[in-house]
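There are 2 protein chains.
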Amino acid sequence: MAHIGKLVVCGVGLIGGSFALALRRAGAVGRIVGIGRRREVLERACALGVIDEIAEGWADALDGADLVLLAAPVGQTDAILAAMAPHLRPGTVVTDAGSTKRDVVAALRSHLGGALADVVPAHPIAGAEKSGVEAAFAELYMGRKVVLTPLPESRPEAVQKVRDAWEACGANVVGMTPQEHDRVFAAVSHLPHLLAFGLVDDLAGRSNAPLLFSHAASGFRDFTRIAGSHPEMWRDICVANRVALLEELDAYLGELARLRMMLVEGDGDGLEAVFERARRARNAWAEGLPIRTAE
Amino acid sequence: MAHIGKLVVCGVGLIGGSFALALRRAGAVGRIVGIGRRREVLERACALGVIDEIAEGWADALDGADLVLLAAPVGQTDAILAAMAPHLRPGTVVTDAGSTKRDVVAALRSHLGGALADVVPAHPIAGAEKSGVEAAFAELYMGRKVVLTPLPESRPEAVQKVRDAWEACGANVVGMTPQEHDRVFAAVSHLPHLLAFGLVDDLAGRSNAPLLFSHAASGFRDFTRIAGSHPEMWRDICVANRVALLEELDAYLGELARLRMMLVEGDGDGLEAVFERARRARNAWAEGLPIRTAE
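As you go down the protein sequences, you meet chains V and B in turn. 236 is the number that numbering that gives the first Met the number 0 gives to position 237 of the first sequence; each next residue is one higher, with no gaps. 122 is the number that numbering that gives the first Met the number 0 gives to position 123 of the second sequence; each next residue is one higher, with no gaps.
To be clear, the hints were calculated from the coordinates, so they are not data collected in a lab. Wrong hints could be hidden among the right ones.
Given that identical chains are not distinguished, each listed pair holds provided it fits within a single copy or across any two copies.
List time: in silico DMTMM-like cross-link candidates among lysine to aspartate or glutamate, alpha-carbon distance up to 20 Å [stated by the list, open to error]:
hint: 1; residue 1: K160; residue 2: E286
hint: 2; residue 1: K160; residue 2: D65
hint: 3; residue 1: K160; residue 2: D266
hint: 4; residue 1: K129; residue 2: E246
hint: 5; residue 1: K129; residue 2: E286
hint: 6; residue 1: K144; residue 2: E39
hint: 7; residue 1: K160; residue 2: D77
hint: 8; residue 1: K5; residue 2: E254
hint: 9; residue 1: K5; residue 2: E152
hint: 10; residue 1: K129; residue 2: D221
hint: 11; residue 1: K144; residue 2: D266
hint: 12; residue 1: K160; residue 2: D221
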């Protein structure tokens with residue numbers, strides 16, 4: 000792979016910091032420059048050896064940059080792109096790590112319209128219990144998936160540069176359209192988060208909440224683990240991807256209406272058939288076996 | 000505590016087998032007799048040292064028995080009680096390990112109406128990934144909760160015998176009415192199971208199921224872990240507790256309707272407030288801190 004002479008990471012937290020650490024460990028990068036909202040975060044990133052220096056501004060950051068990773072919460076994308084656009088020069092490849100892609104692509108088109116050949120949106124499917132640069136580690140992306148959603152305008156060389164960088168981090172790179180990405184992740188990630196947040200909020204608002212929580216056990220713990228996720232990040236994801244998320248929510252409400260009718264009718268056979276199908280699919284998935292398409 | 004001279008376990012699987020192993024390890028039991036649907040299971044239980052002998056039938060099992068634990072799936076309760084009732088003698092205490100309590104209490108009243116002074120329904124809040132007697136282990140109940148739902152007729156000495164047995168297993172015993180039990184577990188256990196089964200079934204039935212599952216990650220894994228639970232057991236629980244479960248499902252559907260409206264309106268502040276409240280409650284619970292009652 001081509002060496003990245005100068006890497007710029009905008010938003011040096013768990014995601015951006017781990018990308019920097021992984022590339023450095025792979026010997027794939029020269030100098031790593033950080034930029035972001037909060038000076039103290041960047042200073043900690045320097046002290047921890049995650050970045051080499053702090054950019055004074057976008058002009059400074061983009062001067063001679065080979066690759067820029069945008070890794071701030073997606074709600075900040077517009078403001079970041081507006082600030083960086085005037086200083087972006089041909090040959091600097093721009094990618095991102097946002098959990099939604101249609102809104103990021105729209106923002107990229109609106110702000111970097113003249114530079115789309117060097118723009119390659121992406122989404123690493125990785126996270127950890129903790130966030131922030133202190134939680135960053137070089138192995139975060141080992142064996143994890145990264146979805147690239149290149150634009151029709153993206154140059155093959157730019158796509159390759161982003162692919163090489165993620166593969167140097169140990170990730171498996173796959174491609175999708177932004178539309179496909181947002182539909183898939185609405186189903187397998189954004190909806191489950193919404194459902195878990197909703198269940199905990201529902202119970203926490205009851206007058207007997209202490210009694211309820213005191214009897215919750217390991218099933219509840221696992222089901223609601225994602226309700227401990229970052230509210231601002233998930234607000235941004237839900238709002239950005241609300242069209243696809245509403246479609247998934249409505250499909251799920253249809254499923255719940257069917258289950259509700261089985262409960263009303265005491266239809267044990269119907270419930271068992273649903274549970275059996277779900278268990279079979281879930282266990283096959285957990286064991287890495289192929290999931291069969293519904294007949 | 001009073002020693003249990005002869006213990007009868009009906010249904011020697013994970014739950015019944017672990018109860019037997021724990022009492023034996025505590026030196027709290029003399030002879031352990033197993034009874035159940037399938038001879039080969041009882042023979043394995045003997046071979047594993049979980050029980051000492053296999054009863055030839057209920058007359059044999061109940062002869063001189065101090066304590067009977069019913070630990071078969073709740074759907075079999077009626078048939079089991081009908082078979083055992085003619086052979087039950089005064090002084091033998093009967094308890095169970097069913098996940099629902101109102102239906103078990105109704106069955107106990109209907110079949111053991113003359114012996115209710117010695118009947119103490121219960122529910123150990125414990126389980127494991129695997130089921131069956133091979134999965135049984137003496138430490139299953141260490142530090143776990145066991146809910147007793149004594150009847151108005153239950154003698155204090157019978158309640159104490161059941162409490163002593165569970166405490167000898169290392170469990171923390173609490174008391175509730177059967178109604179309260181079923182409402183609490185509908186909220187913190189039965190509804191989450193229904194929701195997880197429903198989500199996996201919804202996705203598994205799509206034409207693009209293989210694509211969806213191939214991008215599911217750790218959040219999905221935890222959220223859906225309980226969708227790998229036993230379909231027959233959960234069918235019985237859902238049917239037995241469907242009144243309380245329907246109340247919980249309807250409350251949750253109200254919560255989802257509110258979240259849906261926030262998505263439709265792009266109400267990021269509203270979503271963030273829900274997510275923040277959920278995260279605070281979930282993290283407090285996970286850290287063992289008190290859950291505050293809603294203002």
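We went through each hint and held it up to the structure:
1. Taking identical chains as interchangeable, the C-alpha atoms of K160 and E286 are never at most 20 Å apart, the minima being 33 Å within one chain and 43 Å between chains.
2. Taking identical chains as interchangeable, the C-alpha atoms of K160 and D65 lie at most 20 Å apart only when both belong to the same chain, with a minimum of 9 Å there against 74 Å between chains.
3. Taking the closest pair of Cα atoms, K160 and D266 never come within 20 Å of each other, the shortest separation being 56 Å inside a single copy and 38 Å across copies.
4. Taking the shortest Cα distances, K129 and E246 never come within 20 Å of each other, neither inside one copy (30 Å) nor across copies (35 Å).
5. Taking identical chains as interchangeable, the C-alpha atoms of K129 and E286 lie at most 20 Å apart only when they sit on different chains, with a minimum of 15 Å there against 27 Å within one chain.
6. For a Cα distance limit of 20 Å, the shortest separation of K144 from E39 qualifies neither inside one copy, at 31 Å, nor across copies, at 46 Å.
7. Taking the shortest Cα distances, K160 and D77 never come within 20 Å of each other, neither inside one copy (24 Å) nor across copies (67 Å).
8. Proximity of K5 and E254 under a CA criterion of 20 Å is satisfied in neither setting, with 50 Å inside one chain copy and 48 Å between copies.
9. In this assembly of identical chains, the alpha carbons of K5 and E152 never lie at most 20 Å apart, being 24 Å within a copy and 79 Å across copies at closest.
10. For the homomeric pair K129 and D221, the shortest alpha-carbon distances inside one copy (16 Å) and between copies (16 Å) are both at most 20 Å.
11. In this assembly of identical chains, the alpha carbons of K144 and D266 never lie at most 20 Å apart, being 40 Å within a copy and 31 Å across copies at closest.
12. Taking identical chains as interchangeable, the C-alpha atoms of K160 and D221 are never at most 20 Å apart, the minima being 38 Å within one chain and 34 Å between chains.
Taken one by one, the earlier hints fail for this structure at numbers 1, 3, 4, 6, 7, 8, 9, 11, 12, listed in ascending order.
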